[in-house]
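There are 2 protein chains.
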Amino acid sequence: MVMKFDFSVRGMRDYYPEVYHRLSYIFSAWRRTALSYGFEEFDGPVIETLELYTVKSGEEIVSQLYNFTDKGGRELALRPELTPTLARMVAKIHNQVPKPMKWFSIPRCMRYEKPQKGRLREFYQFNVDVLGEKSEMADLEVISVAIDSLLLLGLGKNDFVVKINNRNFVSEYLAGTGIDEQRTQALYKIVDNARKVTEAATREKMNEIGLSEEQRNAVERYLAMNGPEDIEKVTENNSGRGSLLTLFSLVRTAGMQMYCEFDPTIVRGLDYYTGTVFEIFDRSEKMRAMCGGGRYNNLLKAFSGVEIPACGFGMGDVVLGEILAEKGMIPEYTKNVDYFLVRVTDRELEIMLRVARMLRSRGMAVEHVYNLMPVKKQMSRAAKISAKKVLIFGADEISNGMLVQKDMETGTETRMSIDLFV
Amino acid sequence: MVMKFDFSVRGMRDYYPEVYHRLSYIFSAWRRTALSYGFEEFDGPVIETLELYTVKSGEEIVSQLYNFTDKGGRELALRPELTPTLARMVAKIHNQVPKPMKWFSIPRCMRYEKPQKGRLREFYQFNVDVLGEKSEMADLEVISVAIDSLLLLGLGKNDFVVKINNRNFVSEYLAGTGIDEQRTQALYKIVDNARKVTEAATREKMNEIGLSEEQRNAVERYLAMNGPEDIEKVTENNSGRGSLLTLFSLVRTAGMQMYCEFDPTIVRGLDYYTGTVFEIFDRSEKMRAMCGGGRYNNLLKAFSGVEIPACGFGMGDVVLGEILAEKGMIPEYTKNVDYFLVRVTDRELEIMLRVARMLRSRGMAVEHVYNLMPVKKQMSRAAKISAKKVLIFGADEISNGMLVQKDMETGTETRMSIDLFV
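Sequence order for the protein chains is P and E. If you count the first sequence from 1, you need to add 16 to reach my numbering. If you count the second sequence from 1, you need to add 16 to reach my numbering.
Honestly, I wouldn't trust all of these hints.
Since copy identity is lost for identical chains, a pair holds within one copy or between any two.
[As the list claims (entries may be wrong)] Derived BS3-like pairs (lysine-lysine); straight-line CA-CA distance at most 25 Å:
1) Lys404 x Lys108
2) Lys302 x Lys179
3) Lys130 x Lys87
4) Lys115 x Lys404
5) Lys405 x Lys393
6) Lys150 x Lys400
No lab work stands behind these hints: they were computed from the structure. Model, not experiment: these values are computed from the prediction.
Extracted from the complex, chain P is given alone in its bound form (with noise of 0.2 Å):
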């Protein structure tokens, strides 16, 4: 019997050995960064309750997710991203726990959305996070984390850019206009498309939802700003100004405005961001965000019950790994073989099995073929693979407590003591 049907399920991925290779070679960039800042790392279920979502993002959240019900009649639901577990498992040890806290954790998630380019149903995404910190100096460590990681993966200030702003700097000015509630959310919309469409389909879309001359002209000279010099200029009572020109001031201090610009279309799509919100791009901005984060100081105290402030991002593996690939930064996948083992006759078996658990247990990689060829083709074999070394177990050598080793780059053989191998 064949299976004639194809078996794969629709945005899911098979991370065959160099697909996990390009996954785990972003991982360890990931990893490795946020160890240096001390960052620990923790992972929770990908099975949630259902609630867990919905509680804070409403109903309308569903229709992202992949939701079921259990054999128990729970109402469940894929993790579709890390925040509300990070702030379920907090709100459990929140009091046993120094602040601040800085955890980091690279989930797998999952989202029942179009699969297209940039965007799958399953996907990792780097989670970093501040609990306890409510300075602009955590703000800036995890853009420096995030920072940091890219250019570890070897991308530089001319591949991206990170563009901040502050929640409530945008609120407090757009309510400043006297824009009633009822359009700020549709003008959040509008301002989030702006840097994507031209000034005109702006105005338009603003006519649309009804603002008068006076409101776009104001939301104009909003989405003109172009720096903190720009901030400056805001009245002080906008609580959001004293914020981001701390942050930048703190961006300047660590060396790292070559990465960073204010801009004031960022506004993050998730309600529960609080003050400063960033978006890391693509300089060439043909791709979607990379990179999303910002401080959520509300979203614990649901959970907890008391205040804990806090800030983070998550940075998806799937862009990410698709601007690398675009600019030919990832490592080609090679198996790494530092021995492969050639015996002459079985005879020799016993002793290079010796030989290759040795060089395991000090961290070599170490093949041989599992039946009896003539050494020519076990010669190949290792030739195919690109082994590093051969050693070459022959009854003659060995009974005199020798093996011949080949260097593959050099073509190097030297007869040596197999004491050195046991």
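For chain P, the structure is supplied; the task is to place chain E on it using the hints.
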């Protein structure tokens, strides 16, 4: 608003940093061992079609799965094991890849089972498989990987035992006693259970399914076998006999006989096994098997249409983690901080952040407080998180191009040139 209910899902796991540390300690031993044998890492999606599981295991498996219908009407399941995914993936590419293929993975799996000691609804499983090789050398190799990974975790021959059998050996032996096929399934369960109960209990079970005295005696002679010597006495018509003897001979050649024994009760529940089968137990045998595997020469044909002999194993993290924890063999979790940076005033913030990034780019873990506080408080923070070294940034030293390094183990303070750090 505070959530009054517990959002955790029964049987799912929260991996707090101390827990994650245990997990990654186990993962890195698994990974290092598999790589040392030249296995390549891969993974598949968490979500598969339900059909992928029912097609080989029948509808009864559905009760043990998390399954659901997605919003597009697809019948899906969360993977309970990796082997069907492996078969599906290999079927797609088998004719482009040289054999044997040596693949491993550490998938997260989910089963809808009653949570209990050693068994959770969510677990990880080390999967190691050789595809496209039918000789017992491949069986030996996967068994060696399992053994060496346990040795690397600090377990020894007094801690675990690999119990080996052969599906053909047991099935042909039982068929030879004239027991009809209908009773063979029930008898497999009795055989599998025989190592956990008394001989009398086993005999009673055999009576219950209506075996004749002669048949019972034959099964009891089978159950009394306990080494290659006994296997040799079985009729040569038994096609599992030669394979078992070859494998045990290879086990001795590889110097692994102290970890392995023949156990006639090992039959493995899953239908797809065809030859060698094995399980690894804690020597005390108080726990479930920590590992199970064997040869499955027919499974891949169902997916790819061609013969691809295969063997492999799965080793879960739950039982193994409990054994290691019980024996105190998991290193204590400590956050690694190489340098803690202390500033006297915020005028030193800029140079301090520069030094921090430079040290981090060299792979060091570096921390500092976010908000300026007295040096004494910063020092006590450094001590609390067991930082190895502290660098103190004071205005006077900095103006002379110097800083003070304190070794936290010895207490020694040294004035050093800042040039060493930037």
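Results for each hint:
For the identical chains of this complex, Lys404 and Lys108 are neighbours neither inside a copy (51 Å) nor across copies (30 Å), given an alpha-carbon limit of 25 Å. In the homo-oligomer, the alpha carbons of Lys302 and Lys179 lie at most 25 Å apart inside one protomer (15 Å), although the nearest pairing across protomers, at 57 Å, exceeds that limit. When the C-alpha separation of Lys130 and Lys87 is checked against a cutoff of 25 Å, the pair qualifies only between copies, where the shortest distance is 11 Å, while the shortest distance within a copy is 28 Å. In this assembly of identical chains, the alpha carbons of Lys115 and Lys404 lie at most 25 Å apart only when taken from different copies (20 Å versus 49 Å within one copy).
In the homo-oligomer, the alpha carbons of Lys405 and Lys393 lie at most 25 Å apart inside one protomer (16 Å), although the nearest pairing across protomers, at 55 Å, exceeds that limit. Taking the closest pair of Cα atoms, Lys150 and Lys400 come within 25 Å of each other only across two copies (22 Å); inside a single copy the shortest separation is 56 Å, beyond that limit.
Checked against the numbered hints given earlier, the structure breaks only hint 1 and satisfies all the rest.
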